[in-house]
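Work the whole structure out from these sequences, hints included.
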Amino acid sequence: MASRRFRRELRRWRTRNGLTQRALADRVRFSRETVAAVESGRRYGSLELAVRCDEVLGTGGLLASLWPDVAREQIAADGRRGPRERPAPRPRTPADDIVAMIVDNGAMLGPTEVVVEIDDLRSVIDRALSRSRRR
Numbered sequence: 001m002a003s004r005r006f007r008r009e010l011r012r013w014r015t016r017n018g019l020t021q022r023a024l025a026d027r028v029r030f031s032r033e034t035v036a037a038v039e040s041g042r043r044y045g046s047l048e049l050a051v052r053c054d055e056v057l058g059t060g061g062l063l064a065s066l067w068p069d070v071a072r073e074q075i076a077a078d079g080r081r082g083p084r085e086r087p088a089p090r091p092r093t094p095a096d097d098i099v100a101m102i103v104d105n106g107a108m109l110g111p112t113e114v115v116v117e118i119d120d121l122r123s124v125i126d127r128a129l130s131r132s133r134r135r
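Residues 1 to 135 in our numbering are what the sequence shown spells out, letter by letter.
There's no promise every hint is true.
[To be verified] Cβ pair distances, simulated, as ranges:
#, residue 1, residue 2, range
1, Gly61, Arg4, 18 to 24 Å
2, Glu33, Gly61, 21 to 27 Å
3, Leu129, Arg43, 39 to 45 Å
4, Arg72, Thr15, 24 to 30 Å
5, Gly58, Asp97, 32 to 38 Å
6, Thr15, Arg134, 41 to 47 Å
7, Arg43, Asp119, 17 to 23 Å
8, Ile125, Arg72, 26 to 32 Å
9, Arg92, Arg11, 17 to 23 Å
10, Ser132, Gly41, 37 to 43 Å
11, Ala77, Ala36, 17 to 23 Å
12, Ala37, Arg72, 17 to 23 Å
13, Arg134, Glu55, 31 to 37 Å
14, Arg127, Pro91, 18 to 24 Å
Hints listed in this document are in silico derivations from the structure and should not be mistaken for laboratory results. Each residue gets a CB set at the ideal place from its N, CA and C atoms; glycine is no exception.
In structure tokens:
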């Protein structure tokens, strides 16, 4: 199974680099719980997590290269659970425009560039939230 290999490689590279789950999580800006859940198989990771872990752990892109097979497993697992209810549509926000731009340009961007765009989006959201807290 691809997800099993992904988990095994993630753990192997993390321990090879002498990092705890918390230390890795801090460096890739994900929660320790997410790293632990992915390593244990309780949860699928994401391409974003794979790319960031590749960069921090120096894997040469190994985890990101495994990701397409992991994603196929995840889709197959979701399909076995049956259709899900669609949530009610929400009002469009300025962040939606940024996400649409990232998605539209995604075919031209590599995984690392998409992660950079996501980080930029998070910065915009953080600034907006901090402004609303000051009011």
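Here's how the hints hold up against the structure:
1. Gly61 <-> Arg4: 18 to 24 Å: Given a distance of about 19 Å, which is inside 18 to 24 Å, the answer is holds.
2. Glu33 <-> Gly61: 21 to 27 Å: For Glu33 and Gly61 the Cβ distance comes to about 25 Å; the hint holds.
3. Leu129 <-> Arg43: 39 to 45 Å: The hinted range 39 to 45 Å is violated for Leu129 and Arg43, with Cβ atoms some 26 Å apart.
4. Arg72 <-> Thr15: 24 to 30 Å: 27 Å, holds
5. Gly58 <-> Asp97: 32 to 38 Å: Roughly 36 Å apart at Cβ, these two residues keep to the hinted range, so it holds.
6. Thr15 <-> Arg134: 41 to 47 Å: Given range 41 to 47 Å: holds, Cβ gap about 43 Å.
7. Arg43 <-> Asp119: 17 to 23 Å: Holds: the Cβ-Cβ distance is about 22 Å, inside 17 to 23 Å.
8. Ile125 <-> Arg72: 26 to 32 Å: About 30 Å separates the Cβ atoms of Ile125 and Arg72, which means 26 to 32 Å holds.
9. Arg92 <-> Arg11: 17 to 23 Å: This hint is violated: roughly 41 Å between Cβ atoms.
10. Ser132 <-> Gly41: 37 to 43 Å: Between Ser132 and Gly41, where Cβ atoms are some 38 Å apart, the hint holds.
11. Ala77 <-> Ala36: 17 to 23 Å: Hint holds: Cβ distance 20 Å, inside 17 to 23 Å.
12. Ala37 <-> Arg72: 17 to 23 Å: 20 Å, holds
13. Arg134 <-> Glu55: 31 to 37 Å: Since Arg134 and Glu55 have Cβ atoms about 34 Å apart, the given range 31 to 37 Å holds.
14. Arg127 <-> Pro91: 18 to 24 Å: Holds, since Arg127 and Pro91 (Cβ atoms, about 20 Å apart) stay within the stated range.
Going through the hint list in order, the structure does not satisfy hints 3, 9.
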